[in-house]
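S.K.: So the chains spell out like this:
There are 2 protein chains.
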Amino acid sequence: QIVAALSAPVSGKLAGVKVLLTAGPTREALDPVRYLTNQSSGKMGYALAHAAARMGAQVTLVSGPVALSVPVGVNCIEVESCQQMHEAVMTEVENADIFIGCAAVADYRPEQNEPQKIKKSKDKLTLTFIKNPDILAEVAALPKRPFTVGFAAETQDVAHYARQKLEKKRLDMIAANDVSASDRGFNTNLNALTVLWQNGEAELPCTDKSTLAQALLDLIAQHYKNNQNHA
Amino acid sequence: QIVAALSAPVSGKLAGVKVLLTAGPTREALDPVRYLTNQSSGKMGYALAHAAARMGAQVTLVSGPVALSVPVGVNCIEVESCQQMHEAVMTEVENADIFIGCAAVADYRPEQNEPQKIKKSKDKLTLTFIKNPDILAEVAALPKRPFTVGFAAETQDVAHYARQKLEKKRLDMIAANDVSASDRGFNTNLNALTVLWQNGEAELPCTDKSTLAQALLDLIAQHYKNNQNHA
Numbered sequence: 114q115i116v117a118a119l120s121a122p123v124s125g126k127l128a129g130v131k132v133l134l135t136a137g138p139t140r141e142a143l144d145p146v147r148y149l150t151n152q153s154s155g156k157m158g159y160a161l162a163h164a165a166a167r168m169g170a171q172v173t174l175v176s177g178p179v180a181l182s183v184p185v186g187v188n189c190i191e192v193e194s195c196q197q198m199h200e201a202v203m204t205e206v207e208n209a210d211i212f213i214g215c216a217a218v219a220d221y222r223p224e225q226n227e228p229q230k231i232k233k234s235k236d237k238l239t240l241t242f243i244k245n246p247d248i249l250a251e252v253a254a255l256p257k258r259p260f261t262v263g264f265a266a267e268t269q270d271v272a273h274y275a276r277q278k279l280e281k282k283r284l285d286m287i288a289a290n291d292v293s294a295s296d297r298g299f300n301t302n303l304n305a306l307t308v309l310w311q312n313g314e315a316e317l318p319c320t321d322k323s324t325l326a327q328a329l330l331d332l333i334a335q336h337y338k339n340n341q342n343h344a
Numbered sequence: 114q115i116v117a118a119l120s121a122p123v124s125g126k127l128a129g130v131k132v133l134l135t136a137g138p139t140r141e142a143l144d145p146v147r148y149l150t151n152q153s154s155g156k157m158g159y160a161l162a163h164a165a166a167r168m169g170a171q172v173t174l175v176s177g178p179v180a181l182s183v184p185v186g187v188n189c190i191e192v193e194s195c196q197q198m199h200e201a202v203m204t205e206v207e208n209a210d211i212f213i214g215c216a217a218v219a220d221y222r223p224e225q226n227e228p229q230k231i232k233k234s235k236d237k238l239t240l241t242f243i244k245n246p247d248i249l250a251e252v253a254a255l256p257k258r259p260f261t262v263g264f265a266a267e268t269q270d271v272a273h274y275a276r277q278k279l280e281k282k283r284l285d286m287i288a289a290n291d292v293s294a295s296d297r298g299f300n301t302n303l304n305a306l307t308v309l310w311q312n313g314e315a316e317l318p319c320t321d322k323s324t325l326a327q328a329l330l331d332l333i334a335q336h337y338k339n340n341q342n343h344a
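From first to last, the protein sequence lines are chains A and B.
Take 114 as the starting number for the first sequence in my numbering and just add one per residue.
Take 114 as the starting number for the second sequence in my numbering and just add one per residue.
Bear in mind the hints are in silico, worked out from the structure with no lab data behind them.
Every residue, glycine too, gets a C-beta built ideally from N, C-alpha and C.
There's no promise every hint is true.
[As the list claims (entries may be wrong)] Which stretches of chain A does chain B cover? Using the computed rule of at least three CB atoms under 8 Å from a CB of chain B, they are: (1) 149-156; (2) 210-222; (3) 236-247; (4) 263-269.
[Stated by the list, open to error] Partial selection, computed: residues in chain B whose CB lies under 10 Å from chain A: (5) 144; (6) 236; (7) 241; (8) 243; (9) 245.
Between the sequences and the hints, there should be enough to build the whole structure, so can you do that?
M.R.: Structure (structure tokens):
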């Protein structure tokens with residue numbers, strides 16, 4: 114009964130809506146031992162999954178390697194690399210009404226993934242990295258696409274780069290955060306977001322990721338419904 | 114009282130001996146967001162720190178980023194990169210009787226650590242990596258060096274590469290494990306070790322890392338004392 118009460122919808126704003134989310138970092142292997150990754154803890158994405166489920170959505174979470182528990186009522190698909198995340202998203206997206214790309218997907222992967230551990234014989238090592246698939250752009254370019262929300266983690270000119278990304282990838286919405294401040298963003302419990310859409314923007318001030326997730330989903334639900342009404 | 118009982122020495126084999134240990138992976142930054150790292154969870158190193166403290170040693174642990182609690186009675190210095198670990202070890206080693214290099218130190222780091230996030234404008238990215246300091250070899254080469262124990266994580270010809278490393282770096286002992294088996298080694302609770310020294314070797318069969326740590330420290334304590342007697 115307690116679990117049921119805790120996991121019951123707090124609002125029906127997303128009742129019956131299918132939300133597909135990505136969260137966490139990806140790992141791009143150089144060999145069986147070494148990999149390239151990033152500072153993402155997955156906390157923002159997991160907070161969004163939790164909040165969306167509480168708002169009545171059917172949530173599927175495609176998650177990179179993180180040290181977090183899957184929220185109650187959320188269907189989680191665990192992946193490691195960008196290529197695995199790409200495959201899972203492209204399979205699941207057909208059923209999604211809203212897609213939120215919150216994962217910090219590695220933009221590049223090593224051209225070679227060596228089957229044996231690379232020996233440290235050389236003084237210098239030159240490695241070539243190739244571009245990973247752009248999951249967010251591919252989802253946004255689908256003929257029958259879901260309402261598509263991206264994230265931008267920047268260390269400078271945050272709103273400028275985010276607006277560029279929104280337009281270039283033709284997203285419905287983008288949530289941008291400055292990861293250069295050490296008290297928020299990656300690997301902390303606090304965050305602030307600048308949310309941009311075609312004709313407007315909103316500032317969500319610094320707070321815990323759970324409250325922030327709720328506020329962002331309120332914005333998403335509102336714009337998603339406006340889109341539905343104009344479709 | 115319970116805490117005192119749990120943390121009391123189980124044997125006095127290392128009573129009064131100063132043990133310096135490294136554990137975990139290191140992170141080598143490409144920019145404020147991305148880094149190169151490896152699969153090490155730090156479990157073996159933390160199990161060794163715990164076991165050494167229980168054998169009466171004064172333990173200093175220099176640890177890379179892990180999701181583990183520092184064992185009771187252990188002095189922990191937290192670091193991120195190999196260069197930070199190198200600096201901490203070189204400061205602490207003057208007081209050490211035994212040094213155990215259990216960390217999976219990144220052999221290479223990016224030549225450039227970019228102050229801003231690298232933009233993904235290019236289709237291919239060529240990065241140059243330079244050799245990190247070899248902490249273990251530097252400790253072993255000190256004029257007044259501690260009893261020096263290394264680790265070797267290999268995916269092929271485990272004993273062969275470990276014997277080579279023992280001789281080349283002039284270690285007192287090396288503990289080698291095969292990280293190609295998915296049921297043991299990196300990121301699991303089980304491990305098996307082949308322990309080599311100049312005129313002999315021992316097989317420590319697959320078991321939990323806590324039991325294995327105790328068995329390895331028994332070997333280390335025995336050889337350390339033999340060395341003292343012959344000094």
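S.K.: If a hint holds in the structure, say so; if it doesn't, say that too.
M.R.: Quick rundown of the hints versus the structure:
1. Check on the segment 149-156 of chain A: 4 of its residues sit with their Cβ under 8 Å from a Cβ of chain B, so the three-residue criterion for coverage holds.
2. Residues of the segment 210-222 of chain A lying with their CB closer than 8 Å to a CB of chain B number 4, which satisfies the three-residue condition for coverage.
3. For the segment 236-247 of chain A, the proposed coverage by chain B is satisfied: 9 residues have a C-beta within less than 8 Å of a C-beta in that chain, meeting the threshold of three.
4. Here's how the segment 263-269 of chain A fares: 4 of its residues keep a CB closer than 8 Å to some CB of chain B, so the rule of at least three is met and the hint holds.
5. A cut of 10 Å between beta carbons decides the hint on residue 144 of chain B: the least distance to chain A is about 8 Å, and the hint holds.
6. Look at residue 236 of chain B: its Cβ gets to within about 6 Å of chain A, closer than 10 Å, so that hint holds up.
7. For residue 241 of chain B, the interface hint holds, the least distance from its beta-carbon to any beta-carbon of chain A being 5 Å, beneath 10 Å.
8. With its C-beta approaching chain A no nearer than about 6 Å, residue 243 of chain B sits inside the 10 Å limit, and its interface hint holds.
9. Because the beta carbon of residue 245 of chain B sits about 9 Å from the nearest beta carbon in chain A, less than 10 Å, this interface hint is met.
No hint from the list above goes unmet by this structure.
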